[in-house]
Amino acid sequence: MIDEKKYTKCQLNAIVLLRVLIGWHFLYEGIAKLMKSDWSAVGFLSQSKWIFSGLFKWIAANPTVLEIVNQMNIYGLILIGLGLIMGCFTRIASYAGILLILLYYFCNPPFAGLFYSIPMEGSYLIVNKNLVEAAGLLVVAATGTGKYLGLDRLISKWIKK
Amino acid sequence: MNDQKRTPKDSSTGEEKKKINRRDFLQGAATAPVLGLFGYALYKQQSYEKAQKAALLNSKPVPSGLSDINVALLGVGAQGDVLLNAMLKIPGLKFRAVCDIWTDFNLKKAVNLLGKYKHTVNAYEDYREMLDKEKGLDAVVIATPDFWHAQHTIDCLKAGLHVYCEKEMSNTLEGARKMVQARNETGKLLQIGHQRRSHPKYIHCYEKVIQETKMLGRIATVSGQWNRAVQPDIGWPEKYAMPTDRLKKFGFQNMHQFRNWRWYKGLGGGPIVDLGSHQIDIYSWYLGSNPISVMASGGTDYYEPKTHEWYDTAMVVYEYDTPQGRARAFYQTQTTNSANGYFECFMGDQGTLVISEAGGRGSAYREKSAPAWDEWVQKGYISAPKVLETPAAGSVALDVRETVPADEHKIPVELYDPYHKPHLENFFNAVRGNEKLNCPAEIGYETAVAVLKVNEAIEAGRKLTFDPKEFIL
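The listed protein sequences correspond, in order, to chains W and U. The numbering of the first sequence is my numbering, which starts it at 340 and goes up by one. The numbering of the second sequence is my numbering, which starts it at 547 and goes up by one.
It is worth saying that the hints were derived from the structure and are not from the lab. Warning: the hint list may mix true and false statements.
In silico BS3-like pairs for lysine-lysine, Cα to Cα no more than 25 Å straight-line [stated by the list, open to error]:
1. W/372 - U/925
2. U/681 - W/496
3. U/596 - U/635
4. U/662 - U/635
5. U/640 - W/499
6. W/388 - W/499
7. W/375 - U/982
8. U/681 - U/734
9. U/1009 - W/372
10. U/760 - W/375
11. U/734 - U/747
12. U/565 - W/500
13. U/635 - W/375
14. U/662 - W/375
15. W/468 - U/932
16. W/348 - U/565
17. U/704 - U/681
18. U/654 - U/640
19. U/724 - U/747
20. U/932 - W/345
21. W/375 - U/932
22. U/640 - W/372
23. W/372 - U/596
24. U/565 - W/344
25. U/599 - U/760
26. W/375 - U/596
27. W/372 - U/662
28. U/724 - U/704
29. U/795 - W/375
30. U/679 - U/795
31. W/372 - U/724
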């Protein structure tokens, strides 16, 4: 439970803003993939590099597994996005988001000497926007602002009743 | 930070904590309006994408209650087979008769294929017999060797049929002229098989890129090519070889000539005609004018000249007086290497269009100094740009005379059907009176004038000029 006494309103609102923006990004990433009927993670997965590449390439090579992963990714993104925006199960949504982002990160890590055929915008070395977004979610998870502004406030009270 | 600020005034404490009050509801739903905003933004984005898609479809209505067209096929060799396979995907066609002199092979194959699609057809060796016996025909699709086109087309037109004739319209201008005359006299339709004229990507680029937006600016140069890998001569199963007297009756010396007629003078026109004429046709179409001169270098450099009388390599330079001013166009066809395949490239002072019948190949490149193309991207005429990488400063020295490479915008229109299907459809819809021909005889004639002169220019070894009257009948 967030201790609202510990933080100023300004600090809390800033974290809520961070939470809502990351949520928006997740939600649209999910919906955009949902709307694009032919979307698949296959290209992203099959160019995987580094020590986990075997796992990601295995997913890409197995149509059934790939389809499950695609669907989990789409609906995972949408649910996490909704959770973050609405402040609903904020902690679960944040950790799930971190997990998802780290999967993306370790599928295509921007480490020295690795290159990818799907172009990335910008220049990255070890730290990329995925990692920054994951760190943002860590802040959201650590502060649990859903109980300040969000449905978690109602949920927690309702449970306590 | 001071302590007072640390305590938000609206925080709930003690007993109050367990009761849900009005403030809790307000705070609980505080971020819900974000979803409303998201929904609105999503709606905006969706309608934008929808409008883009609609702009690309050219909204051709699906015709209903098509009247059947009775079709005959004249010549069902390699090209006839391609056309037949495309036509089998077109509704409203009743195949009635097929004619081919290679009765044991081509003719049988076509009849069998049509049989599989429940078309019972009469087979003929002699097209005159077909025209005599088959009454009820509406249209004929001719895919015989070039030197037969004129006679076949004229006789079919005179028999009252609408004609789709493969390009090259004829191997001689005299033949092509007579075809146009016969068309005029009979009042029947004559479509020439320059199928790019009906290709949605080519039509899109002509209407939107060239005409409406003029996004390329002033086009001063054009280039294009068809590079094809080495191919062996076309053979034949020995047991189906036709006797020499039969071959001679139809204008061939032997089976090799019958199978490889494209390489022989008097029968075909060589690669510049077989391949080049498709693309040189696009030059004239997009530039809005016919060439005023041509020079060319070519020869049979690689293959055996006895069996390859026409040039295996041709490099051509045309001059055009376009409505915008003078333009020069290079064209190359060679048959010993496939590098970069086939495409046409129109270069204006504001942009470049690279287009090809090959799937996935079609892009516009904006010159850095040109006005923005954002409006055309938003309208869906071209895709959002892919910024091409500039060489990093230092690693490659960028000369002051060099310009930064242009951004690439993909042409978002593709054809997912056989290449010839839209052109054939256009012909049959014109037969029904619903459309105008995309490549009527006079257009095919103009292209024949421009293309056949290349072989003359190679022979002459100098620049040849066109009299504008040459293009007019």
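Verification of the hints:
1. W/372 - U/925: holds, 22 Å
2. U/681 - W/496: At roughly 88 Å apart (the allowed maximum being 25 Å), residue 496 of chain W and residue 681 of chain U break the hint.
3. U/596 - U/635: violated, 28 Å
4. U/662 - U/635: Holds: residue 662 of chain U and residue 635 of chain U sit about 13 Å apart, inside 25 Å.
5. U/640 - W/499: Cα-Cα ~78 Å, so violated.
6. W/388 - W/499: violated, 47 Å
7. W/375 - U/982: violated, 36 Å
8. U/681 - U/734: holds, 16 Å
9. U/1009 - W/372: violated, 57 Å
10. U/760 - W/375: violated, 32 Å
11. U/734 - U/747: violated, 28 Å
12. U/565 - W/500: Holds. Residue 565 of chain U to residue 500 of chain W sits at ~8 Å (cutoff 25 Å).
13. U/635 - W/375: violated, 28 Å
14. U/662 - W/375: With Cα atoms ~38 Å apart, residue 662 of chain U and residue 375 of chain W exceed 25 Å; violated.
15. W/468 - U/932: holds, 21 Å
16. W/348 - U/565: holds, 22 Å
17. U/704 - U/681: The hint holds at about 13 Å.
18. U/654 - U/640: It holds: about 18 Å lies between the C-alpha atoms, which stays within 25 Å.
19. U/724 - U/747: Distance ~32 Å between residue 724 of chain U and residue 747 of chain U Cα, so the pair is violated.
20. U/932 - W/345: violated, 48 Å
21. W/375 - U/932: Distance ~20 Å between residue 375 of chain W and residue 932 of chain U Cα, so the pair holds.
22. U/640 - W/372: violated, 44 Å
23. W/372 - U/596: This hinted pair holds, its Cα atoms lying about 16 Å apart.
24. U/565 - W/344: Holds, because 19 Å separates the two Cα atoms, which is no more than 25 Å.
25. U/599 - U/760: Distance of about 21 Å is within 25 Å: holds.
26. W/375 - U/596: holds, 12 Å
27. W/372 - U/662: violated, 42 Å
28. U/724 - U/704: Given that 25 Å is the threshold and the Cα spacing comes to 12 Å, the pair holds.
29. U/795 - W/375: violated, 60 Å
30. U/679 - U/795: Holds, because 22 Å separates the two Cα atoms, which is no more than 25 Å.
31. W/372 - U/724: Outside the cut-off at roughly 58 Å; violated.
Taken one by one, the earlier hints fail for this structure at numbers 2, 3, 5, 6, 7, 9, 10, 11, 13, 14, 19, 20, 22, 27, 29, 31, listed in ascending order.
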